[in-house]
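Q: Protein chains in written order, with the UniProt record's numbering: chain A, 1 to 99; chain B, 1 to 99; chain C, 1 to 99; chain D, 1 to 99; chain E, 1 to 99; chain F, 1 to 99; chain G, 1 to 99.
All the given hints hold, so there is nothing to weed out.
Calculated pairs, DSBU-like style, for lysine-lysine (alpha carbon to alpha carbon, straight line, at most 35 Å):
hint: 1; chain 1: B; residue 1: K63; chain 2: C; residue 2: K54
hint: 2; chain 1: B; residue 1: K37; chain 2: A; residue 2: K25
hint: 3; chain 1: B; residue 1: K63; chain 2: C; residue 2: K63
Pair ranges (Cβ atoms, derived):
hint: 4; chain 1: C; residue 1: M29; chain 2: B; residue 2: P48; range: 56 to 64 Å
hint: 5; chain 1: E; residue 1: E21; chain 2: D; residue 2: P71; range: 53 to 61 Å
hint: 6; chain 1: D; residue 1: K63; chain 2: B; residue 2: P48; range: 44 to 52 Å
hint: 7; chain 1: B; residue 1: V38; chain 2: E; residue 2: N52; range: 45 to 53 Å
hint: 8; chain 1: C; residue 1: G55; chain 2: F; residue 2: G91; range: 27 to 35 Å
hint: 9; chain 1: E; residue 1: T76; chain 2: F; residue 2: L39; range: 28 to 36 Å
hint: 10; chain 1: G; residue 1: T22; chain 2: F; residue 2: G91; range: 32 to 40 Å
Calculated directly from the structure, the hints in this document are not laboratory data.
Positions of the beta carbon are idealized from the N, C-alpha and C atoms, including for glycine.
In case you want the letters, here they are:
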Amino acid sequence: MAFRKFLPLFDRVLVERFTAETVTKGGIMLPEKSQNKVLQATVVAVGPGAVNPKGNVLPVSVKVGEKVLLPEYGGTKISLEDKDYFLFRDGDILGKYVE
Amino acid sequence: MAFRKFLPLFDRVLVERFTAETVTKGGIMLPEKSQNKVLQATVVAVGPGAVNPKGNVLPVSVKVGEKVLLPEYGGTKISLEDKDYFLFRDGDILGKYVE
Amino acid sequence: MAFRKFLPLFDRVLVERFTAETVTKGGIMLPEKSQNKVLQATVVAVGPGAVNPKGNVLPVSVKVGEKVLLPEYGGTKISLEDKDYFLFRDGDILGKYVE
Amino acid sequence: MAFRKFLPLFDRVLVERFTAETVTKGGIMLPEKSQNKVLQATVVAVGPGAVNPKGNVLPVSVKVGEKVLLPEYGGTKISLEDKDYFLFRDGDILGKYVE
Amino acid sequence: MAFRKFLPLFDRVLVERFTAETVTKGGIMLPEKSQNKVLQATVVAVGPGAVNPKGNVLPVSVKVGEKVLLPEYGGTKISLEDKDYFLFRDGDILGKYVE
Amino acid sequence: MAFRKFLPLFDRVLVERFTAETVTKGGIMLPEKSQNKVLQATVVAVGPGAVNPKGNVLPVSVKVGEKVLLPEYGGTKISLEDKDYFLFRDGDILGKYVE
Amino acid sequence: MAFRKFLPLFDRVLVERFTAETVTKGGIMLPEKSQNKVLQATVVAVGPGAVNPKGNVLPVSVKVGEKVLLPEYGGTKISLEDKDYFLFRDGDILGKYVE
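Make the full structure from the sequences, and use the hints.
A: If you want it as structure tokens, here you go:
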């Protein structure tokens, strides 16, 4: 997998957004502008964690494979092997979905 | 319950606002614009707490089920199973109602 | 009392402003615009105190019942049982009146 | 004295400005606009001191009765028994006059 | 090599960007404006690390020779022997490519 | 001396600027606008030093009588016995002239 | 040497920029506007270092005589015996040239 080869630094988390719904429940095709921004994502790689002033690493709070809720703004879009991923700082991720 | 499946991160608190009054005491229907913004809410999920520079977790000050007073501005609206919830940082919640 | 049921969080202090003078010493009714903003208030509830980075609580510097001087700006107006109160952070209260 | 009854909080210092000169050395009355802003003041009450993150109080650096030099801007004007006083944070006072 | 002679200070990292693609996969020459900004780079020199308030040095998180992903904005362009390099702070580098 | 009676607070340093040159080397009188701002000054009084969060005093880095270089902007002009002095924070003084 | 007599305070570093090239390799005189800003400089004096909140001095990272690379903006121009020098904070110097 592409993201296996990319290691975020510090407290950065690499996520892949869920696919946007392109068809309504009623079966109508949605033009791109009407599609909601997808805020759910899957964690695909995590950094080792931020470093505090003493030099200790504080691990990030999410793990690879977890489903998370992203903030509406922020994050850095990056391309890995022609696929879009997003980098967020651990502290900006709003929460995670647990079973 | 929907919020059981969502776990806020750090010091975030997930709340559900009380229902707005849509009818005056005198029985008159209120148009949406005249309805006051509801600042009372019930805590439905809490994060584990913020992490201090030493890596220790500082628990949040409210518990699930508590009735709280929200600030007029701020908070992040999120949708879980077609229902609106709001995320606030623990430190932004003004106070709680106790019996 | 209403404020008994509301507990401010962290270093917030709930105060009730003194009643504005609506009549001059000479007996003339003052229109609302001419009434001075009342900066004296009585503390009606206090939060447990701010939490420092180590997780220790720092108690607030005023007590319920004390008469305080408020800054001219700031504070959050809240309504409890149809009565107006104000929330100030402990550090924003200018001073207190002692006997 | 009025200020005996008012206790500033934290590192606030209550001062009373010296009276402005209203007559020139040559005996000419000065209109209020020509009177210089008086920056010398006498300390009339001091707060217990700021609280550091550990909860320890750091005493203020001036004492009641000391003559101090105020910055040209800043400070909060307050009225106690129809007399004007000013509140400054300890750290904003420029210096003091010693014998 | 030029960069051997230049030592970045503190947590600065000297990188050399990958060469921009000047020809499309289909063989068409790209004008300079159509060339994407190259965000991949090779680390050519690293500073000893930032100094914390206690005077301890916190080593940087990347090593000479590693392939890194740069943020789209930021960095300082410097010329060493007529060749362009870029200085980034360690904390601004998004991640690294690992085998 | 006037400044003997004035004690700056915290890390403030009271300086007296050198006299501006009013005549060129060739003997031409300089109008006030053409006189360069004098950045050299003599330290005439120093505060005890800033107080750190633990309450310890950190002494200032210059001594009374030392010749210092002032920054072009900043500083507070104060008058003591009809003579102009300037207050600078210890950290804003650029350097000192040593024999 | 002039700079021997001037001692920068705290973490300030006094540098002398290299002389700008006023003639092209081809022998053409360059007007002042076409001359590049010289970013290389020699360290001529260093301060003792910044003081941390505990009062300990953190030495600067460059030494007198070292060749350094300056940032394009910032720094304070000062004149010592009619010669121009520049003061930079230690942390703003980008790097140094080593043999």
